[in-house]
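2 protein chains.
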Amino acid sequence: MASLVGNVLIGQSGGPTCVINQSLVGIVEEAVGKREVRNVYGAVHGIKGVLEERLIDLGRESKETLEAVAVTPAAALRSVRKKPTREECERALAIFQAHDIRYFFYIGGNDSAETAHILNELAVAKRYELRLFHVPKTIDNDLRVTDHCPGFGSAAKFVACATAGDNLDNRSLPGIKVNIVMGRNAGWLTASSVLAKQHEDDGPHLIYVPERAFSIDAFIADVDRVYKQFGRCVIAVSEGVHTADGKLLLESKEVDSHGNVQLSGSGALGDHLAGVIKQRLGEKLRVRADTFGYLQRSFAGVWSEVDAAEAREVGRTAMRAALGGEHAHGSIVMKRAAGKDYAIRYEVTDLKNVAKETRPMEPVYLAGDNGVTQAFVDYARPLLGKLPTLRRLSDFPVAKKLS
Amino acid sequence: MASLVGNVLIGQSGGPTCVINQSLVGIVEEAVGKREVRNVYGAVHGIKGVLEERLIDLGRESKETLEAVAVTPAAALRSVRKKPTREECERALAIFQAHDIRYFFYIGGNDSAETAHILNELAVAKRYELRLFHVPKTIDNDLRVTDHCPGFGSAAKFVACATAGDNLDNRSLPGIKVNIVMGRNAGWLTASSVLAKQHEDDGPHLIYVPERAFSIDAFIADVDRVYKQFGRCVIAVSEGVHTADGKLLLESKEVDSHGNVQLSGSGALGDHLAGVIKQRLGEKLRVRADTFGYLQRSFAGVWSEVDAAEAREVGRTAMRAALGGEHAHGSIVMKRAAGKDYAIRYEVTDLKNVAKETRPMEPVYLAGDNGVTQAFVDYARPLLGKLPTLRRLSDFPVAKKLS
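So the sequences go chain by chain: C and X.
At position 152 of the first sequence the residue is numbered 152 (this note's numbering), and the sequence of numbers has no breaks.
Just add 1000 to wherever you are in the second sequence, counting from 1, and you've got this note's numbering.
Hints are computed from structural coordinates only; laboratory data are not their basis.
These figures come from a predicted structure and were not determined experimentally.
Among the hints, a few may not be true.
[What the hints assert, rightly or not] Stretch by stretch, here's where chain X covers chain C in the computed footprint (C-beta under 8 angstroms, at least three residues):
1) 64 to 74
2) 95 to 106
3) 188 to 195
[What the hints assert, rightly or not] Keeping only pairs whose Cα atoms sit at most 16 angstroms apart, straight-line, the calculated EDC-like set for lysine to aspartate or glutamate is:
4) Lys48/C with Glu67/C
5) Lys401/C with Glu1052/X
6) Lys1063/X with Asp395/C
7) Lys1401/X with Glu53/C
8) Lys400/C with Glu1053/X
9) Lys400/C with Asp1378/X
10) Lys401/C with Asp1057/X
11) Lys1400/X with Glu53/C
[Stated by the list, open to error] Residues on chain C that point at chain X, a partial pick, calculated with CB under 10 angstroms:
12) Gln12
13) Leu24
14) Thr163
15) Gly165
16) Asp271
17) Leu295
18) Ser298
19) Pro388
Using N, Cα and C, we set each Cβ at its ideal position, and we do this for glycine too.
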């Protein structure tokens, strides 16, 4: 393809992550100063900002600001959950034309890839020359094609550190603890609770993901068995768990324009499960529930350095691919090299391959209905980067003197 | 007082913190090798472990293990919530005698200080020669006499980082967000949500603590006003807020042996407040609630380096005081030096001065019914140590081209 000269526009969409700004900065740094690029703009609140023509000039930001923004959680451009209508896509293209936008990057998950795909189809149909790339991010790790998603490693690190600390707290003051982890369709993040586990009696003792049908009877039997064995029980439950007939344990009324039901931002599922445990196993048991909530994707100052570097590189790759001319549009995917050393290469796949549908955990990663395999640990561990060192006392016994 | 030769026993009690093991290691390192000290023991699960004679030999732990344990959250000796009866105190003294325990250190909050006080009164009455020290820890920061409590700075850092990230998440996807923070009797930790705030429009926009009567009508009016001003609202609410007549918003049935009602380990208060906001201000509003829960006191890998160093020094000071002979018993307190540079000196106060009763936030730290003052920020900021750098884009506007 011939080289294309014009302006660059970047948007961020969907639930933010702790490293989503790394991808933004990666695109900007590859764009600024290139012969084909006049200006580098950002759309405030994603496609909503495009439609409202709320654009900002990213090319004027200092390198120092950009680097500080890169390590700041949540969408620096601000985000949106919006699936544009046909008319809105036409309006977006009119805005692109008015501002001579020839490169558009949409950083987001599967819903944002769908938005990018719809917009791209219209641009192609209208013969508006546009290089349009979806830049992946999601803490849920549920995009297809790619080995894993930028944003996941940092959220997984948060969940692993939270669970490891909570396990020690539970060992200090024993009881039954239910932890609700984000993950609407896929259990990747919930499964990651296992990653700081060191000893056989450490929690999480039980892990429930949406890939397996959830039975309250089996759950109670599992908890009872673990509690009898260890005198305590730490449980990780995905917010998206559902029964064999596909019903969520608790239904919410709130639905977004992509058709997603609200799950996060409430402690109801954890409290419900804690209530059932008390009811079935004994009102006097010490049963507690925490819902890790938005902290999983936004906690300031905790991220995976591996994830941060990859999120940056995914942004850079998207800009390079757009300039390279081999692909007019697509989504960036990460492929893991075979062999025991962890290494990633970056490629382009078609937008339709990542739009809309999600990727569940493969069976090889799941152990029965309440656990994960070593294969999952091997898959996920490199993505979290450095984890804190945790140590127990040796518990050298002192002989009793009284009866 | 004459020097006293015998064994040292250490226990940890109450809700753990991320730096409670620093105090443990501080006592051990000051004890090992001292002429008056034969062995250094730990009681597993505090006073419960004493009564069950579950003692372990801390003197045999390697320096490397102790240093790794020091940076591990939660009670390495394991903890307990238990107020011993008169008979149990007599049994504890019998165990002390059998093991020649002449130095006892109880690391805990106000309830643990009460336990230490009761035990000490009995030892004095029975003329059993014992040096008994309470070593302060509590994320609640509600011990009397001391400037602040070991454990608070790290929990406050967690709350500040969680709130700062959540504020950015809320800026990305605007709405009303309720965050429930630990703090049964005092609002210190909830107030700390303000400490990573940078811009005038940053959350937390509203802060509610137990020191001020909570009115649901005033709360709704506050939220409505902030939401109208900023288009979003981030709120920090202490789990211990109550109405003017002293009633908690939601009552729990669970009470421990010190008479404390269970507040943590449930998302009910946050969900309740989110529900009232929707009901009063509009069902279509995006309203979410998170309860920070046990992560505040146990999250692995996040602590204040200032807090960690002070928790270590409090432990060392307790052991030195016990050997020094000036005090047979007491609790360690921190006094802040006057002047603008932050500096602490460590002193001993009577057990009765810190037992049972708690310290609320002083009026100088509270601004009206829904905020904190600059005096609070100045008081608390040094305790959190280094906080992450967060940065916004400059938002250089691009002129509109369409109407």
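Problem - Enumerated hints in conflict with the structure, sorted upward - result: Numbers 3, 4 and 9 - these are the hints that the structure violates, sorted from lowest upward.
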